[in-house]
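Colleague: Each chain, written out:
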Amino acid sequence: MLLCILLILNITCFAKGQMEESKSFADILTESRKKFDVDFVYESNTLPASKLSFDVNKYNSVEKLLEDLLKPYQIKFKKVLAKAYVIYKSNSDFKQLTDGIGISLSPLLETYAGNIGELPAMRVTGTVTEQLSGVPLESVSILVKGTTKGTTTDKNGAFSLEVADANSILIVSLVGYQTQEIKVGSLSTFQIGMVSNSQALNEVVVIGYGTRKRKELTTAVSSVSSKDIAALPVADAGQALQGKVSGVTIIQNSGAPGGTGGTGIRIRGISSLTGTNNPLIVVDGYPLPDQGSDNVLNSFGTNEIESIDVLKDAAAASIYGVRASNGVIMITTKRGRAGKTSLSVDMYAGLQQAWSLPTMLNAKQYAIINSEANIASGLPVLPKLSDFNAIETQYGQGTDWLGEIFRRAAMRSVNLTASGGSDKSQYLFSAGYFKQDGIIYKTDFDRFNLRFNGDIKATDWMKIGNSLSMSKYVERGANTYDPFNSVILLALMAPPTVTPRNADGSYSGGNGNADGFNEPNPIYNLEVPQNSNTKYRINGNVFAEFTLLKGLKFKALFGADYNLQELRNFSPATPSSGGRPIITDGYSTQKGLNTDYLAEYSLTYEKVVNSKHKFNTVLAYAFQETKYSYVFAGRGNGLFNQQIPVLNNQVFNPIDISQTYNAAEDGVSSRLLSYIGRVNYDFDGRGFLTFSIRRDGSSNFAPQNKFSVFPSVSAGWRLSEEAFIQKMAWISDLKVRASFGYTGNPNVPANKYIAGINQGFQYTLGNSAGSGGVVSGAAPSSSFNPLIKWEKNEQFDFGIDASIFSNRLSFSVDIYQRRSKDLILGVTPPFVSGTYESVPYNTGTLQNRGIDLSVNTIVISNKTIRWNANAVLGTYKNEVISLGLAAPLDNGFSRITGGSLRTTQGLPANYFYGFVTEGIFQTTKEIADHAVQTAGTNPISSTAPGDIKFKDLNNDGIINDQDRTNIGNANPTFTYGLTNTVTFMNLELSIFMQGSVGNKVLNFTRWYTEGGTSNGNYSNDVIKRWTGPNSSNDMPRMVLNDPNGNNRVSDRFVESASYLRMKNIRLAYNLPAAWLKAAKLKRMQFYISAQNLFTVTKYTGMDPEVGGGVDLGFYPQARTVLAGATIDF
Amino acid sequence: MNKIFSAKTLLPALAAICLVQCKEKLLVVDPTIPIITVDNYYKDDAAAIAAVNATYTPLSAIYNGAAWHLGDIMSDDADLGGGGGGDGLETAELDNFSVTSFNPVINTMWAQCYYGVLRSNLVVERVPAVPGISDALKNKCVGEGKFLRALYYYHLVRVFGDVPLYTKVITAEESSSIARSPKADVYTQIIADLKDAETLLPGTYNLLADKGRATAGAAKGLLASVYLWLGDKTNAASKAKEVIDNRTVYGYELWTEYGDNFKLENENGKESLFEVQYRSGGGQWSDFGAGHKLNTFFAPRAQDIVQSSGYGWNVPTKDFADQYEKTGAAYSTIIDKRSKPSIWIPGDVFGSYTQPAQLVGSPNGFNVKKYFVPVANAQGDNGGWTCALNIPIMRYSEVLLIYAEAAGAAMGKPFADQVRARAGLAALPNGLNESQYLEAVYKERRLEFGFEMHRWFDLLRHPDPTYFLTVMRAAGKNNIQAKHRYMPLPQGERDKNSSLTQNEGY
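Line order of the protein sequences matches chains A and B.
Its first residue numbered 1, the first sequence is counted upward by one per residue in the working numbering.
Its first residue numbered 1, the second sequence is counted upward by one per residue in the working numbering.
FYI, nobody ran anything at the bench for these hints, they're computed from the structure.
Some hints here could point you the wrong way.
To be verified - Straight line, CA to CA, 25 Å or less: simulated SDA-like cross-link-like pairs of lysine to any residue:
{"no.": "1", "chain 1": "A", "residue 1": "Lys607", "chain 2": "A", "residue 2": "Ala715"}
{"no.": "2", "chain 1": "B", "residue 1": "Lys168", "chain 2": "A", "residue 2": "Arg476"}
{"no.": "3", "chain 1": "A", "residue 1": "Lys792", "chain 2": "B", "residue 2": "Pro346"}
{"no.": "4", "chain 1": "A", "residue 1": "Lys384", "chain 2": "B", "residue 2": "Pro346"}
{"no.": "5", "chain 1": "A", "residue 1": "Lys877", "chain 2": "A", "residue 2": "Gly850"}
{"no.": "6", "chain 1": "B", "residue 1": "Lys477", "chain 2": "A", "residue 2": "Asp961"}
{"no.": "7", "chain 1": "A", "residue 1": "Lys706", "chain 2": "B", "residue 2": "Leu27"}
{"no.": "8", "chain 1": "A", "residue 1": "Lys51", "chain 2": "A", "residue 2": "Lys71"}
{"no.": "9", "chain 1": "A", "residue 1": "Lys1098", "chain 2": "A", "residue 2": "Pro483"}
{"no.": "10", "chain 1": "B", "residue 1": "Lys168", "chain 2": "A", "residue 2": "Lys89"}
{"no.": "11", "chain 1": "A", "residue 1": "Lys553", "chain 2": "A", "residue 2": "Thr534"}
{"no.": "12", "chain 1": "B", "residue 1": "Lys483", "chain 2": "A", "residue 2": "Asp961"}
{"no.": "13", "chain 1": "A", "residue 1": "Lys627", "chain 2": "B", "residue 2": "Leu27"}
{"no.": "14", "chain 1": "A", "residue 1": "Lys951", "chain 2": "B", "residue 2": "Thr167"}
{"no.": "15", "chain 1": "A", "residue 1": "Lys627", "chain 2": "B", "residue 2": "Thr37"}
{"no.": "16", "chain 1": "B", "residue 1": "Lys263", "chain 2": "A", "residue 2": "Gln762"}
{"no.": "17", "chain 1": "A", "residue 1": "Lys89", "chain 2": "A", "residue 2": "Asn45"}
{"no.": "18", "chain 1": "A", "residue 1": "Lys442", "chain 2": "A", "residue 2": "Glu404"}
{"no.": "19", "chain 1": "A", "residue 1": "Lys384", "chain 2": "B", "residue 2": "Tyr506"}
Start from the sequences, fold in the hints, and give me the full structure.
Modeller: In structure tokens form, the structure reads like this:
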């Protein structure tokens, strides 16, 4: 039993009598001691913590005083010596107190009680401060080693104490700080600086089937706290991780409201060429099935999250086995705490707008350039555009189509949380509403979400609890993603001499004859078709934990995840006088149900042997089943002009099958059966060793290969616990770690190991002059691989965690190599086989090597200012080691034959694949001397001066597909994030910058805006086009229909997309304590913040953050300014 | 130790009992829909018919994605047209004779033909074993299978020369090592299959739902074409004559108007031996859809007289347009009645539309009109490259011209004249010598089958083996070489099968 005994001697008394003020019991006793010249002996926890007004001077008798003071609190006192009283609660306390003091008590008390003022052999005095800030520390315990003598510092940090001699050692300790031992020596006055324990070291890290303290970790795990996540006003927690975690690349694929456009999360690069590269997401212990980028992270509010822990290396992730090769994101939601019910409200409202839109030509410039292009291609100038000055008179600047589709948009969020409970049961309720209008007209997103998390300690040995989240979101979107009908591309192309509406208010648009332009009117496309995407989600689990024996626990957890998604698409028959008018009604709806169930049982055992050897063991079993099904139905074909979106037969009775269409999939289940084991061994807080193993069986794998085993081993050594490092006072903490493990990617669709017949073939018979006469056919369209199995990922990681200069600077660095083997690649059969579907084979190897670095520093810390700066940096190199049996993979842009991305051996996956340019042909002689670009000599139909010169890479004298090569890739050299947080008085300022260096983007929006494609508008850059010899060497001549293929995929469109983005600036003001007290509030904070305030980049497109690296004019991210408040009751 | 039986131990014990049930058989998921495999599928009449239907499917893609590129654009009848530049680069390679083994068009021809080969092999091999199948259905199915196998090999051998030949179902491994068979073996197989087909297949189908399937007449007509291609005039003439003599049995007759052949309402009509069947709707913007894309691809560029604006590809050459007999210098004096249904000539009017003197990709203002279905006919073409109009593979007039050519001037001229008479032209002069007569029949074929994807193969089969070179050079295609008689084998196929040799010169 540890007793903290305070011997308070009247000679150390400095208390001042402030009668009016409430005082602590200790202060009152100190005053009494002085007045009555007595001593008191008591255990420090005997006295109540409360304060009271007590006038010592009213009393003449110390015993009367003690009676009045202590009796109301059932505290007793007893005179033990002439001038000494023991203060105690129970008789046993009295006994322990006097026994504990033992022999030394009587002489000590007698000595000092009898000889007041006489000093012992040595007296030491001093002050204790926080080393970093110099702030005095109160209640620091100073104990003379080997004795019971000690004292505590006062509120000025001062102490005074007698010691026997110069050999005495002072033990200085305070919770939260590192304990120090100081030899007295010849000094009598001490300035002691206390170094706080790095909080990070004791932070609890969620590692899958358990938790560990950071200092015990042997693997690469990064953690982000609720504060960092909640500071960003986003609907998708994934977006809040951007720039916060080293080695994790997050690309917001789209700025569409609500984040449903998807946030790409890539931990340490990509591990698969054909399967998912999304990390496994585990919410409160429940591993969820991969749902792409529109996943669980956008189904609840970011302020429901307590922490996010990212398991990066294989040894950390391998406990999740076959699903873990892309790392694991552990989400822990907030739970209730014992104590008074607390209520918290957080709300904000803001405005968003596009931060960068391209400049297009105005009406007159457009008329000039377009006429030039028509003439160059041998076509007559459009009569409408022939008089440039008349154009200016009639249209002025012309229609600003980007201005028409982009707008300033509002967003707001309200979140209410109630939590509390007793030591037996705790709860947390929260409700949130989030609404974001898109910066593109007619797009928006709103979400309502509820959470209930509860914990009950049913008995001493049983604890039960649950997590439950329910949400609904509705997204009304627009086509902003496909290269044919994206409204952004349509707005870029629409001529400024065309208006969105006719004079009578009806829709207009490009007219094939007058404008030579037939693309749809983007305003029509935004206003008329009504699309919505509604998602209902319930995700939750219940668990029970039993303590069977000391250290042995059994836990059962059951989880369910239901996802109902409803897509509706309604095109009311609305005429337009412009191109491609939608004149027929169409309505379709799709309802998809995604269900997942989990049952998991685990045993954990903790044991300490000889106080130095600590073991922690987990054994678990899990079963999980996932199923997807959908129904799809629609009506259309122009015979349905009801203008109402229904499928109801009573409203619209279909005449025949051609007026309706439907499809359904009664999805095939996929099941996973798992056995899990892990042992952690901790030697004296110095050495750590972890071994884990998981055996996963999946129903999707071939019968011979159902099961796979994923072992891992990791070790850590805290060098800072060793004497030779402890001598180096500047090192506060130092740990080295190494790990190796296997993970998998279950990239196998169900039943792929069986040879099937494709019954989907169709032919037409019976003289069909319309859409009838369909007959179905059946034939094999693929062969099969009876041995198909998981992709295997193996990873080494070596890491150092260190903290130096009194924890002022701490950093963590990891170096890793991960290799994905047995990649599942589609091997296309020879067509001679009569089949064409590629067959999945385990073949090929992909490698990532990289370094993750994170640095935390405390720049300034004193009474008024605290400035923390954190930086994360990640770099990796991706390389396809082998494609095995598979041919090079072509991906990318569907508007260009052959795609724009390619994967071949020896290069990063998905590099840009295209032509190399060598400037512009200035003269006809240059064309004659160069490899043939296109056959023919007519400048209307082939190459002419002013056209792009493509390099003949294979020197065969002709430019064709074989002259394409690697022209860069989207992988960044490194990505980084930098967070500065400054607290000054009641103000908190945080500045978060994030960026990427070395990444490239294939800017294909220029395909639409730099001429050649259509009579659409041009970007302002074409003003500098080639107009004669040496007028330009990068912007080609303007010619319609692009006879030279200037717009083919080439390095001309590959741009550096390095950027530095001011992701978030947030200034918060906390109401002073006095005001809060008056208003009976715990906390009230007002804040203003701005997202994407500026972005430094040379990239010419709308946004340098482009998922996949090919910019097709995606929905750009907004610049947002908002104000909000957080109130805790 | 009664603690052992407390709730504390019983609850977890119950959970542990649950664990015992978790056997690995859980991992065998019974699919909701039973998985149908090659081994269990062919067991009833419906399966036999479905197997045959799937064998026709590749025709849709071949005639959308390859036949006109090879048969017309490569010939002296047409040039690529279109928007220029990167528009249809793969077709430009064919037009300009810079084709490589990576060309997607030849890849389509190769791949789709082999899909047809596998499926017809399955029909021929599996249908006779279908339990309880009637002889009538079995003969019809096997006959269709053999007809289609011959048709696919005929396409392959004419385009690629020696090709892998197999008539049984083969494994993935075998398909990766099979070598090319000599052309002669392929022709032997084609002739054998067609000879079987002409006996197995019915002369006509009574059910409307069967219209479009192969008939005995189609098998005979195709066999006549194969013989003519091989230079076997005797057999070609006799096989063509069999069709002509039995025309009433099969119901063959020329339409009074040439243009009636290309009307939606006349599909599988009296002049049709075999045509690729299309319908509108389904599978938009794809070569593999249910409809054909020729309506959109061939129509005057961006004139909006067809669905999806019109792309103006496959543009007739001036030389082709000049072949039509006319009374003056101007095209307006053309007397050949085949010109109007075949091509757009500047000044041609359709409703409010007038064909201009020049269009993008069409310097002389010509465009193909043969598969034209106007934008107003939503049933015939509801957009997205899905025109319902069928594409003829063989018409009765071809049988007449095969006979006319194979039988020689003395016997054959009346049959050529029959075709000319329908076009509003006078009979061929008497007394033409053999080569003059051949030239006359060739010209007749050129105009009669303009843009029906025959021309390139007619150039190749001319008795003068350098004829195609002479003609194409005269047409300004100076890149052409002797190697272009055969197209290169797709490189992708050679990468997967080291036994496949490449044609000379590629």
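Colleague: Compare the structure with each hint and give your call.
Modeller: Here is what the structure says about each hint:
Pair hint Lys607 (chain A) plus Ala715 (chain A) holds up; C-alpha atoms about 19 Å apart against a cutoff of 25 Å. In summary, the hint linking Lys168 (chain B) to Arg476 (chain A) is not supported, as the alpha carbons are separated by about 54 Å, beyond the 25 Å threshold. For a cut-off of 25 Å, the pair hint linking Lys792 (chain A) to Pro346 (chain B) is broken: about 65 Å separates their Cα positions. Restraint check for Lys384 (chain A) and Pro346 (chain B): the C-alpha separation of about 24 Å stays at or below 25 Å, so the hint holds.
A distance of roughly 6 Å separates the Cα atoms of Lys877 (chain A) and Gly850 (chain A); the hinted pair therefore holds under the 25 Å criterion. Restraint check: the Cα-Cα separation between Lys477 (chain B) and Asp961 (chain A) comes to about 21 Å, which is no more than 25 Å; the hinted pair holds. Annotation: proposed proximity of Lys706 (chain A) to Leu27 (chain B) holds, straight-line Cα distance about 8 Å (limit 25 Å). Our distance criterion of 25 Å between C-alpha atoms is met by Lys51 (chain A) and Lys71 (chain A), whose separation comes to about 15 Å.
Straight-line distance between C-alpha atoms of Lys1098 (chain A) and Pro483 (chain A) comes to about 24 Å, which keeps the hinted pair within the 25 Å bound. Proximity of Lys168 (chain B) to Lys89 (chain A) is assessed by CA-CA distance (about 99 Å); at most 25 Å being required, the pair is judged violated. With a C-alpha separation of about 42 Å, the suggested pairing of Lys553 (chain A) with Thr534 (chain A) is violated against the 25 Å cut-off. As the CA atoms of Lys483 (chain B) and Asp961 (chain A) are separated by approximately 21 Å, the hinted pair is consistent with the 25 Å bound.
For the hint pairing Lys627 (chain A) with Leu27 (chain B), the CA-to-CA distance comes to about 14 Å; that is within 25 Å, so the pair holds. The suggested pairing of Lys951 (chain A) with Thr167 (chain B) is violated, with an alpha-carbon distance near 46 Å, which exceeds 25 Å. The straight-line distance between the Cα atoms of Lys627 (chain A) and Thr37 (chain B) is roughly 23 Å, inside the 25 Å bound, and the hint therefore holds. For the hint pairing Lys263 (chain B) with Gln762 (chain A), the CA-to-CA distance comes to about 23 Å; that is within 25 Å, so the pair holds.
Distance restraint check for Lys89 (chain A) and Asn45 (chain A): the Cα-Cα separation of roughly 10 Å lies within the 25 Å cut-off, and the hinted pair is therefore satisfied. Simply put, Lys442 (chain A) and Glu404 (chain A) have alpha-carbon atoms about 11 Å apart, close enough for the 25 Å limit, and the pair holds. The hinted pair formed by Lys384 (chain A) and Tyr506 (chain B) fails the criterion: a straight-line CA distance of about 50 Å is larger than 25 Å.
Hints 2, 3, 10, 11, 14, 19 from the list above are not met by this structure, while the remaining hints are.
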